[in-house]
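Asker: Those sequence lines, one after another, are chains A and R.
Just so we're aligned: 171 in our numbering is position 171 of the first sequence, and the numbers increase by one with no gaps anywhere.
Just so we're aligned: 1132 in our numbering is position 132 of the second sequence, and the numbers increase by one with no gaps anywhere.
No lab work stands behind these hints, which were simulated from the structure alone.
Ideal Cβ positions, reconstructed from N, Cα and C, are used throughout, including at glycine.
Among the clues, some could well be false.
Distance windows between CB atoms, simulated [to be verified]: (1) R/1029 with A/113: 51 to 57 Å; (2) R/1089 with A/121: 47 to 53 Å; (3) R/1046 with A/228: 46 to 52 Å; (4) A/84 with R/1210: 56 to 62 Å; (5) R/1044 with A/245: 43 to 49 Å; (6) A/25 with R/1045: 24 to 30 Å.
The list that follows gives simulated cross-link-like pairs (lysine-lysine, DSS-like), each with its CA atoms no further than 30 Å apart [unchecked claim]: (7) R/1018 with R/1047; (8) A/186 with A/32; (9) A/110 with R/1217; (10) R/1170 with A/19; (11) A/110 with A/32; (12) A/210 with A/32; (13) A/19 with R/1045; (14) A/32 with A/84; (15) A/135 with A/110; (16) A/84 with R/1217.
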Amino acid sequence: MIDSNELIQTRDLRKNFGKLEVLRGITTTFSKGEVAVIIGPSGSGKSTFLRCLNLLETPTAGQVIFEGVDITRAGHDLDLHRRKMGMVFQLFNLFPHMPVLDNITLAPRKLRGLSPSEAEDLSLRLLRRVGLEDKARAYPAQLSGGQKQRIAIVRALAMEPDVMLFDEPTSALDPEMVGEVLEVMKDLAAEGMTMIVVTHEMRFARDVGKRILFMDGGLIAEEGSPSAIFSNPQNPRTKEFLKKVLV
Amino acid sequence: MNFSFLGKYWQFYVTGAKNTILLAALAVLFGVAIGLFLALMKLSKRKGLRFIASAYIEFIRGTPLLVQLFIIYYGLQAIGVKFPDIPWIGAILGINFSDFMSGVLTLGINSGAYVAEIFRAGIQAVDPGQTEAARSLGMPHRMAMRYIIIPQAIRNILPALGNEFVVVIKESSIVSIIGIAELMYKADTVRGNTFQPFEPLLVAAFIYFMMTYPLSKLLAHIERRMHTGDR
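Kindly produce the complete structure, drawing on both the sequences and the hints.
Answerer: The following block contains the structure:
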């Protein structure tokens, strides 16, 4: 039966790209308020898994159950579910043809029915939280990578989602900008936002993650609390991976 | 070289140029509407729509404009399809409105096929991450197209689209054959009246150039300005 604390559940999720099996049956549950961090070698299917959760990739088989609804089934409005699942991309994907403010307010105005002034108030409040209220009128091209990513987070938050999906949010950043983005994510976690984060930032995983999922070869090879995974990994693949990344 | 005929005939060129501009502007408007529609059809998930759009584009691009003009002007009239004549507009412009609209329609239908390919390429050149970002916010496909993809596509295609405008201005001269009183027709009338085979046409060529050259310069300027917000 549906546990009221369950937010997203996947059942035997599979994804093939042609003959390549990228996901080979993932069954897991994400609870409200949880910060789940997905780690693993490249090509293990982490990003594909994340992108299957809001169906940017259509799974080949299996189910994604979001807030009690199987969103992989045809015949319902996927856009309504996506509005409650914010997503942050590796390459930011800000809309380059509009100023920061419009980037943030467009979706809330058109989809949540906020008036322009309501949407602007909300945006400025969120921008202040990430320390970028002075950039409201700037165009994305005028921002640094770290600023762009913080704006992208704000853009997703402006839809007031129930969960935030992060797809390697710091991988495209210059090293000195990684911190400012992780800081924002940390604050978000502290406020109780449900977060599912694909990342290579092991410190973030250890410090902020409530649960670590180690993926390998399209499967969850091991999962557990950060202390269990980082201090006492059971799976030899996990051990090998952590040995490489934790130098 | 003797350009003294201009004293008597300069109004011919003014009327002709004015009608050419009107003809090309309407044709371009029409062509862009058809082209955008066809491009969206061609990018559609539905096979039937894709097929119709491809068939249209290939057929129009694979047949001569003159044949298309005659099919619309003579062919459609022969089977009873005719533009209503609106005499008062015709009188103001000094043209036969029904014939004029045949010309607009032909040029628009023709240009639409080329514009469609320009739009399609422009839409496909927009980073797929843009669509993903829009869709992840919960925007329906149509909204993502309208607010995110097409505005960026237009910037991509502006040079090609501007070039197409220039092409339409030049190709509009072909409708002089069905007697539309545009620049080429008027120049040819002057040629006939003055028995000068050379100079009246040189004047026409010069006027065409004075339309197309500033237009391409203007478009280059707009393009530069649109790119200022970019990386």
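Asker: Take a look at whether the Cβ-Cβ distance between residue 84 of chain A and residue 1210 of chain R falls inside 56 to 62 Å.
Answerer: 58 Å, holds
Asker: Please check whether residue 25 of chain A and residue 1045 of chain R have a Cβ separation lying inside 24 to 30 Å.
Answerer: Hint holds: Cβ distance 28 Å, inside 24 to 30 Å.
Asker: Can you let me know if the beta-carbon spacing of residue 1089 of chain R and residue 121 of chain A is within 47 to 53 Å?
Answerer: 51 Å, holds
Asker: Would you mind confirming whether the straight-line C-alpha gap from residue 110 of chain A to residue 1217 of chain R stays at or under 30 Å?
Answerer: 37 Å, violated
Asker: Hinted pair, alpha-carbon criterion (30 Å max): residue 110 of chain A, residue 32 of chain A. Please report holds or violated.
Answerer: Given pair residue 110 of chain A, residue 32 of chain A holds - Cα atoms ~27 Å apart, limit 30 Å.
Asker: Sort out whether residue 1047 of chain R lies within 30 Å of residue 1018 of chain R, counting only the CA atoms.
Answerer: This hinted pair is violated, its Cα atoms lying about 43 Å apart.
Asker: Between residue 210 of chain A and residue 32 of chain A, is the straight-line Cα distance small enough, at 30 Å or below?
Answerer: Distance ~12 Å between residue 210 of chain A and residue 32 of chain A Cα, so the pair holds.
Asker: When you check the alpha-carbon spacing of residue 186 of chain A and residue 32 of chain A, does it fall within 30 Å?
Answerer: Holds - the C-alpha atoms of residue 32 of chain A and residue 186 of chain A are around 16 Å apart, at most 30 Å.
Asker: Is 46 to 52 Å right for how far apart the beta carbons of residue 1046 of chain R and residue 228 of chain A are?
Answerer: 51 Å, holds
Asker: Per the hint of 51 to 57 Å, is the separation of the Cβ atoms of residue 1029 of chain R and residue 113 of chain A within bounds?
Answerer: 34 Å, violated
Asker: Between residue 84 of chain A and residue 1217 of chain R, does the CA-CA distance stay at or below 30 Å?
Answerer: Roughly 47 Å separates the two Cα atoms, so the pair is violated.
Asker: Given a hinted range of 43 to 49 Å, is it respected by the beta-carbon distance of residue 1044 of chain R and residue 245 of chain A?
Answerer: The hint (43 to 49 Å, Cβ to Cβ) holds, given that residue 1044 of chain R and residue 245 of chain A are roughly 44 Å apart.
Of the numbered hints given earlier, the model fails hints 1, 7, 9, 10, 16; all others are met.
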